[in-house]
Amino acid sequence: MRDQIQEALRGAVADYAEIRMERAETTEISYRGREIDYISSSSSLGGMARATVRGGWGVVTFNDLTDLRSRVSDAVACAGLVGREQSELAEVARVEQVAAPPGMDRDFRGVALAEKQRTVQGYNELMLGFHPKIQTTYTIYRDVYRQVYFANSEGSYFEETRPDIGVGLSAIAREGDLVQRAHESAGRAAGFEVALGLEAKAGAAAKRAVELLSAPPVQGGTYTVVLNQKLGGVFAHEAFGHLSESDLLYENEKLRELMVLGKRFGSEALNIVDDGSLPGGRGTHPLDDEGVPTRKNYLIKEGVLVGRLHSRETAAKMREGVTGNARAVGWRFPPIVRMTNTYIEPGGASFDDLIRDIELGLYARDMIGGQTMVEMFTFSAACGYMIRHGQIAELVRDVVLTGNIFETLKNIDLLANDLAWADGVGGCGKGAQNPLPVGLGSPHLRIQNVVVGGRQ
Amino acid sequence: MRIEQALESAMRKARAAEVAFHQQRMSSAEYEDDKLKRVSASQSSDVSIRVIVDGKVGWSSTTDPNALEPAVARALELAQFGNEASFDFPGPSAGAQVKTYDAEVERTPREELVAVGGEMLERIKAYNPEIKVGCETSWVVSERRLVNSSGLDITSKDSLYSGGVGGVLVRGTDILFAGRWHSWRAKELDAKKLGNDAISDFRHAERIAPVSSKNMPVIFTPRGVRVLLASLLMGVDGKSVFKGDSPLAKRLGERIASPEFSLTDDATIAYAPESGRHDGEGVPRRRNEIVREGVLTCFLYDLETAAKAGAVSTGNGYGCAPSNVVVAPGKTSFAEMAKGTAEGIVVESVMGLGQSNIMNGDFSVNIALGYKVEKGEIVGRVKDAMLAGNVYDALTRIEAIGSEPEWFGSTCSPAVLVGEVSVVAGR
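Protein chains in written order, with the numbering used here: chain W, 35 to 490; chain U, 6 to 432.
Everything labelled a hint here was simulated from the structure, so no lab data went into it. Quick caveat: nothing in here was measured; it's all calculated off a predicted structure. Every residue, glycine too, gets a C-beta built ideally from N, C-alpha and C. Hints may contain errors.
[Claimed, not checked] Partial chain U-side listing against chain W, Cβ under 8 angstroms, derived: (1) L41; (2) S66; (3) F92.
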């Protein structure tokens, strides 16, 4: 592969050109109720040639590998239609590396399909048999073994192996017309060991789905809210992290003003980090898809905005250092600025410290999903508990939190000392690129004045 | 290895087999933050293989043209664990002619995609140079061939021409996003209209109108209507019905919406984005009436689910998903709806749909772009407010259906006025 792609780049008439090839093998098994819903195996091979001419990009994707040189020249031709200024890419050291695959206690490619199926079926049966009110389940297993080959016109070359494995466990309980769902998951850049020993999670999903049937919907209003770690992680990623992606900012002066480095975003206790080099993280890999080494990047330090995430182009245009955050979800897409493992650093408080002074509040746990539109965010907790007189009280359902990120970050007034990671089977979506494996982490957080949606 | 050989190879062990070959070419031009950023071209192909062995289904796919034989072997292996197959692949059947290909689409040069995008961008900038504009124009041409062991051998060629324009307006810490897009199988993109419609959204949102928490009438625009349709379409998915997950499972023939509301799934509309002569399994596509004058009249099925449920495929394979979704127009113009509203909200787009218990019909969404109506006039943008309720409840309280249907993706709907919806204000 190496000779073939380096040869194709030779003589490209562009300011910069690259080829990234990917080979991926995916196995998916899903159960819906007692039956297998979907079992499939797919293999994928394809590549992308990308070139820049006078600051414009040309992108050509293909799975016909017979004439790579013409793919490169077509990318150059596309770029030629775009470029009107000067190409700017941050200088980076030339890389030449064939990275060892991340550790896998048991390489999932060597695990028989029958064992994968039995494992998933086991969790599925456990949820179905948990309680008569469990009506159905949605259980999914997915493993992907992705190999990336990259070369550019600056002489860099790398190969990386990026395994990703995940299990999603959803239990659906029903009583009359009321249907409630609860979800647990596990996922990492590791081997089949990730899929083993999840019985407690399956049980927890089933138990919560049944409990939610008798929980009232939360009363809409403004509350002091405590987020658990999973929900805190989603919040850090969705509400704040996306604003740190410089492709949103680098050509937009107004948004840059909102995100000026040195501006205070929260209390001194608030630290938010993105780290693609974190050992064992779901969003971890040594190099990004432009061949830039990943590293630990502080976004907010002691409440002050200190950094953001870059591709080579955004780093050069904003006159900041590279961060290793140009990632592509697969060969059909160009690398864009993405998060890796994003987390809020722990504080010093205990969970009891967080709730003790709350007369009427909400303890929101886990997530169903989250979405943002620049400064507005909406995310759904899997469930919540009312906090009354400093104590955890009754379970409530339909907990949807919304607000303005800038105000909400300032309203984080207490952080616990219990950082935990929420690893799942899905991933992050941006544009059409979905799902990208990312890590999400946080301690328990207390936030004042959060709008909670619900019926009146 | 060719398609026929893959089928033959699969049939050495399988009772029945299907091989689908798909290839596509695509071209696009993208502007970001007022600048032409990227021109792209792509070529891709894939093959998927479905087999029935010992009464069970196995499935695999590949984009590696040299890996057809291993893909067949994997499909055969997977069949041991697969679902029970109480169906057979369909034999040849003509199906009604549906126009899905316009040769003009792929004749569009890259330079023209760049120019059309530039025109939309300039239109928005002329209205307000402060708005940062992004847009994308693209075309895709797909060719499919589907062969199976029942003697089916069909080919199809589809085109799709799309354009979209959107902008971000930042004022202090207030950030407004608005935009429009359109896709059609024929090259019929009205770039001027797309630009003007986006501008009209920005105009309506120039001022921010305060809103307080209470129940009030809500007008869903042709794009906002998806708040109502998302749950309903999940509820008529044959698989959800068969599994008993759908709250509509036992309600066929019952009134589920106000009598003004009719909904069809229609793959036979010339050049509509999801139109086609056959579905992905080779079953002729058709027009399915899902709701007729408020009464639930059908569910959508593919072969596998239909066989299990004792129904017939409605041409919605594979996956029981709708094709083009059409809400029948009513008699009230949008202007009349607004005029008759003393205090209410117009919902153009929302955030967080699908995060609540959507199968159950529950919604609790942030109004991403919506307007306040006071005394019959749109007075400004609604900010930091949520909309909460239940779709199945809202459908019975539809007070008016608009007379001006518009396409949004593969959905064609007029505006819909719902009597009372709970609005929760942030401040």
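Here's how the hints hold up against the structure:
1. A cut of 8 angstroms between beta carbons decides the hint on U/L41: the least distance to chain W is about 5 angstroms, and the hint holds.
2. Restraint check, U/S66 versus chain W: the minimum CB separation of about 4 angstroms is within 8 angstroms; hint holds.
3. A least Cβ separation of about 15 angstroms between U/F92 and chain W goes past the 8 angstroms threshold, and the interface hint is therefore violated.
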